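**Q** One letter stands for each residue in the lines below.
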Amino acid sequence: EAGVAQSPRYKIIEKRQSVAFWCNPISGHATLYWYQQILGQGPKLLIQFQNNGVVDDSQLPKDRFSAERLKGVDSTLKIQPAKLEDSAVYLCASSQGGTFQETQYFGPGTRLLVL
Amino acid sequence: AQSVAQPEDQVNVAEGNPLTVKCTYSVSGNPYLFWYVQYPNRGLQFLLKYITGDNLVKGSYGFEAEFNKSQTSFHLKKPSALVSDSALYFCAVRTDSSYKLIFGSGTRLLVRP
Numbered sequence: 001e002a003g004v005a006q007s008p009r010y011k012i013i014e015k016r017q018s019v020a021f022w023c024n025p026i027s028g029h030a031t032l033y034w035y036q037q038i039l040g041q042g043p044k045l046l047i048q049f050q051n052n053g054v055v056d057d058s059q060l061p062k063d064r065f066s067a068e069r070l071k072g073v074d075s076t077l078k079i080q081p082a083k084l085e086d087s088a089v090y091l092c093a094s095s096q097g098g099t100f101q102e103t104q105y106f107g108p109g110t111r112l113l114v115l
Numbered sequence: 116a117q118s119v120a121q122p123e124d125q126v127n128v129a130e131g132n133p134l135t136v137k138c139t140y141s142v143s144g145n146p147y148l149f150w151y152v153q154y155p156n157r158g159l160q161f162l163l164k165y166i167t168g169d170n171l172v173k174g175s176y177g178f179e180a181e182f183n184k185s186q187t188s189f190h191l192k193k194p195s196a197l198v199s200d201s202a203l204y205f206c207a208v209r210t211d212s213s214y215k216l217i218f219g220s221g222t223r224l225l226v227r228p
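In order, the protein sequence lines correspond to chains A and B.
Every letter in the first sequence is one number past the one before it in our numbering, and letter 76, counting from 1, is 76.
Converting from the second sequence to our numbering requires adding 115 to each position, the first position being numbered 1.
Just chain B, same shape as in the assembly (with noise of 0.2 angstroms):
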């Protein structure tokens, strides 16, 4: 069965510093990745997807991704945080057997002042 950990319920980090945020997953052929950030009282909004090539996929507000197969893991990235990235994130796979998105439990990410 295809699954998605986020393993940290939330990431704390200082504006201006780095911020990572961990996806791994467990599916049966190739993996497509997604990353969506969810605001208070909104929808999800799609911030970058992996699909082939690159293992470093860039995507919205300055945030990417590195998909590494040995791992299972697509882990979000930003160099330098602000304090209105303070959001929830989830991560979701997909592969070719199915158009159902499995979705992570999220991380909700606070960037401190």
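Chain A extracted, bound-state conformation (with noise of 0.2 angstroms):
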């Protein structure tokens, strides 16, 4: 079974700059997370969907953060404009949708460098 997949793996871009990053999850799961993770600590949640529909997005920074995931499949994570503090590995995962006690599954991540 494939697991999650992340494009791309490293980006470095200029602050005030766009980035965007695609997930796609393990097939049939509903449920698709993007987590932020700063050096030196845990990840945190950032966005949960559910098919195509945001379940929490209560610690996403709305004011420069998007994503979507419009066909309750794969999903794409926007920041614009990139702020230094960004810098993070950007982790998407994924779980079957049903119950709290499922396992979520993780993507390699991207690494994200803000100059």
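These aren't lab readings, by the way, just hints derived from the structure by calculation.
The structure presented is a predicted model; accordingly, all values stated were derived computationally and were not measured.
Incorrect hints may have been included.
Said to hold, decoys possible - Computed list of lysine-lysine pairs in DSS-like fashion (alpha-carbon distance at most 30 angstroms, straight line):
(1) A:K11 / A:K71
(2) A:K78 / B:K215
(3) A:K11 / B:K137
(4) A:K83 / A:K44
(5) B:K192 / A:K44
(6) B:K184 / A:K44
(7) B:K164 / A:K44
(8) A:K83 / B:K215
(9) A:K44 / A:K11
(10) A:K44 / B:K215
(11) B:K173 / B:K184
(12) B:K173 / A:K44
(13) B:K173 / B:K137
(14) B:K173 / B:K215
(15) B:K215 / A:K71
(16) B:K184 / A:K62
(17) A:K78 / A:K15
Taking the hints as your guide, dock the two standalone chains into a single complex.
**A** Written out as structure tokens, the structure reads:
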């Protein structure tokens, strides 16, 4: 079974530029998550989708971050404009989407450096 | 508010010795506890989870964890460490009130030959 796919793996941009990340979840997984992992910290949830609807985006900085999952499968996360403090690893995860006990499976992440 | 604490930034152990990586949690309600491992430039890999039942949970790569409700802990253990176990380990918790996983700050495990 293929895992969670993410691209690009690395991205370097100047501050105030925009950037987009792509995620394709495990086939059949209804729930998709985007996490931000700052160096030296644990991942922090940015947004959670159930199919193509948003379940939780309470920690998403909506003035600069946006995300969509239009067809309920793959998803994109965008930052516009980027700030220095956005330098982090952006992790996508997916789960089957049925219960609180289920496991989330993570992709390899996109490492973003904002200069 | 839900929280997870990993009190040790780094754990050092010799190959062949037992290892323990500590995790304590604070939640309202019943906890669902998870351990993940992260190798350099890789995403998080699921190791094991506690949902209910037997307090000793066995997972991947010979790891196990013990749930202790009275001490609100979920320590990760392995009877005999390998050099290849060297990585960053994260404990996480969730409850029935949210799908959100709350992660600890991580513990770096270094197994020396």
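**Q** Is K11 (chain A) within 30 angstroms of K71 (chain A), Cα to Cα?
**A** holds, 26 angstroms
**Q** For the pair supplied as a hint, K164 (chain B) and K44 (chain A), is the alpha-carbon distance within the 30 angstroms limit?
**A** holds, 19 angstroms
**Q** Given the hinted pair K173 (chain B) and K44 (chain A), is their alpha-carbon gap at most 30 angstroms?
**A** holds, 26 angstroms
**Q** With the threshold set at 30 angstroms, check whether the alpha-carbon distance from K78 (chain A) to K15 (chain A) stays at or below it.
**A** Answer holds: K78 (chain A) to K15 (chain A) is near 14 angstroms, not above 30 angstroms.
**Q** Compare the distance between the alpha carbons of K44 (chain A) and K11 (chain A) with 30 angstroms, and conclude whether the hinted pair is satisfied.
**A** holds, 20 angstroms
**Q** Quick one, are K78 (chain A) and K215 (chain B) close enough, alpha carbons at most 30 angstroms?
**A** Given pair K78 (chain A), K215 (chain B) holds - Cα atoms ~21 angstroms apart, limit 30 angstroms.
**Q** Run the distance test for K173 (chain B) versus K184 (chain B): straight-line Cα separation, threshold 30 angstroms.
**A** holds, 17 angstroms
**Q** Is K192 (chain B) close enough to K44 (chain A), meaning Cα to Cα at most 30 angstroms?
**A** Roughly 25 angstroms between the alpha carbons, so the hint for K192 (chain B) and K44 (chain A) holds.
**Q** Hint check: K173 (chain B) vs K137 (chain B), CA-CA at most 30 angstroms. Holds or violated?
**A** holds, 16 angstroms
**Q** Is K184 (chain B) within 30 angstroms of K62 (chain A), Cα to Cα?
**A** violated, 38 angstroms
**Q** Taken at face value, is the distance from the CA of K137 (chain B) to the CA of K11 (chain A) at most 30 angstroms?
**A** Violated. K11 (chain A) to K137 (chain B) sits at ~34 angstroms, over the 30 angstroms cutoff.
**Q** Sort out whether K215 (chain B) lies within 30 angstroms of K83 (chain A), counting only the CA atoms.
**A** Holds, because 25 angstroms separates the two Cα atoms, which is no more than 30 angstroms.
Hint compliance for this structure: hints 3, 16 are broken, all remaining hints hold.
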